[in-house]
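For this one, chain A is given, so just place chain B on it according to the hints.
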Amino acid sequence: MQKKFSFPTLLAALAFVLAVLSHLPAGEAAGKNIILSTTTSTQDSGLLDVLVPLFEKKSGHSVKTVSVGTGQALELASKGEADVALVHAPSLEKKYVADGKLLNRRLVMYNDFILLGPASDPAQVKSTKSSPKSSIDAMKRIAASASRFVSRGDNSGTHNLEKSLWKQAGIEPKGAWYIESGQGMGATLGIANDRNGYTITDRATYLAFRKRVTLAILLEGDKPLLNIYSVMEVNPANGPRINVAGGKTFADFMVAPETQALIKSFGVEKFGQPLFIPVAGMREEQVGE
Amino acid sequence: MELVWQGIKHACWLLFTGDAEVLGITLFSLQVSGAATGLSLVVGIPLGILLAMKRFPGHGLAVSLINTGMGLPPVVVGLFVTIFLWRSGPLGYMELLYTPTAMIIAQVVIAFPIVAGLTMAAFQSLNPNLSLQLLGIGASTPQLLWLLCKEARLPLLAAIMAGFGGVISEVGASMMVGGNIRGQTRVLTTATVLETGKGNFEIAIALGLILLVLTFAVNLLLTHIQQREQIRWPKPS
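Order-wise, the sequence lines are chains A and B.
Just so you know, we're using our numbering here: the first sequence kicks off at 1 and counts up by one.
Just so you know, we're using our numbering here: the second sequence kicks off at 1001 and counts up by one.
Isolated chain A (complex conformation):
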């Protein structure tokens, strides 16, 4: 047996590696950490990669951004597992605010949802100047013609918007034509594109995937399709160890004039148009006017 690489040396080497590796950075001092629960769209658009480092530099706080669907983001905040929430589902948000779980809801920015579908448009939902259609009409037509529709099905902000459209149209979507992907917007766009179905997406994700999606924009600019993002602070009564002051500092930062100016210019260079339009200080009815 060769003695060069004997088993004891190997074990000793492993122990050494282990000792070195276990000196990883642990959690920072309490009170400096802020947990931000937010949606995949703010993360995937790259906006937070710009705003969070700036906030950390200015405030000295360290932000842990957890991006999940809006439903989960709100639930985490209401359980006190996050300190501040940045999400996009106004009707759902208002429920949490009414229950006292979340406080001080402030509008931050908006963009819009668009209805995509195959260019052949089997359900005839395309809105033109000569025959303008509302998003509610479009949903009715899709259901009536049983045209394939791909839903997020994940209680995200986009899914909540879709559900409210079905509700307003008086339709309970089910059947073979109604597909629930249960995945993020990017994956859902891929499925809709592959299966040649209709889907609703936020504009930022569509722009990121534009090159790979052959579906056409069939309907846009309708008022119910506004996609409004708000920031909310967490009620300290929701649980132990909530960083209330840190959460408020982040919320204040999101609506501050300098941050709003940054949001306005974000994405122009890459997409030729801003991905979000800042609306801090406005009332919800004024948005998109």
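Each hint should be verified, as a subset may be incorrect.
[Unchecked claim] Straight-line C-alpha distance at most 20 Å; calculated DMTMM-like pairs for lysine to aspartate or glutamate:
hint : chain 1 : residue 1 : chain 2 : residue 2
1    : A       : Lys95     : A       : Glu75
2    : A       : Lys32     : B       : Glu1095
3    : A       : Lys270    : B       : Glu1202
4    : A       : Lys58     : A       : Asp252
5    : B       : Lys1198   : A       : Asp194
Honestly, the hints are just simulated from the structure, not real lab data.
Just chain B now, kept in the frame of chain A:
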């Protein structure tokens, strides 16, 4: 296929230009999964030896649990570790959620049953007469265990490789307990998921390839150690 080719080119470019963020993520993945594998050896090898050599009440149940644990779905581990580490959870006071420590904890839970199960199999496949002989020539218990470990070193190295392979490649638990936070808890697998979600498929493919190369390099090293002492089978004449 065009896309895959673009991804390969992008991966080479990222590696050779020494992209700081990608290098950081790669090293961090290696640190977290390396530490987790190391810790799971400390727990898993003694546990495997115990299960192979001792009979005690509940032994069958323990063996079944370890065998089931070898196939634990990472996302389930992630869910339970998350609930334990929540601020409202039993370990919430430690403020570990969304830290590298939390990721190591989850990965140890995934890897140690793999190590224990393979260690157990390795020891059970040793000739029982070997222990008798070693005891017969007066070996103490530590000496006996040491010699048996040496005898079983080839399958033990396989256990290390399987444990490491299991944790470096898992995404569900790292995503849930780590949160995929940029510069803090982002590893190669979670970064791949993120870039796919953003529609940056070239970068996603590049990250995936880097992960493959990394796993390959680690396994090459371990295989090299393992195979240099390979038994030489007699050639048929």
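Outcome of the hint check:
| no. | hint | result |
| --- | --- | --- |
| 1 | A:Lys95 to A:Glu75 | 11 Å, holds |
| 2 | A:Lys32 to B:Glu1095 | 12 Å, holds |
| 3 | A:Lys270 to B:Glu1202 | 17 Å, holds |
| 4 | A:Lys58 to A:Asp252 | 12 Å, holds |
| 5 | B:Lys1198 to A:Asp194 | 18 Å, holds |
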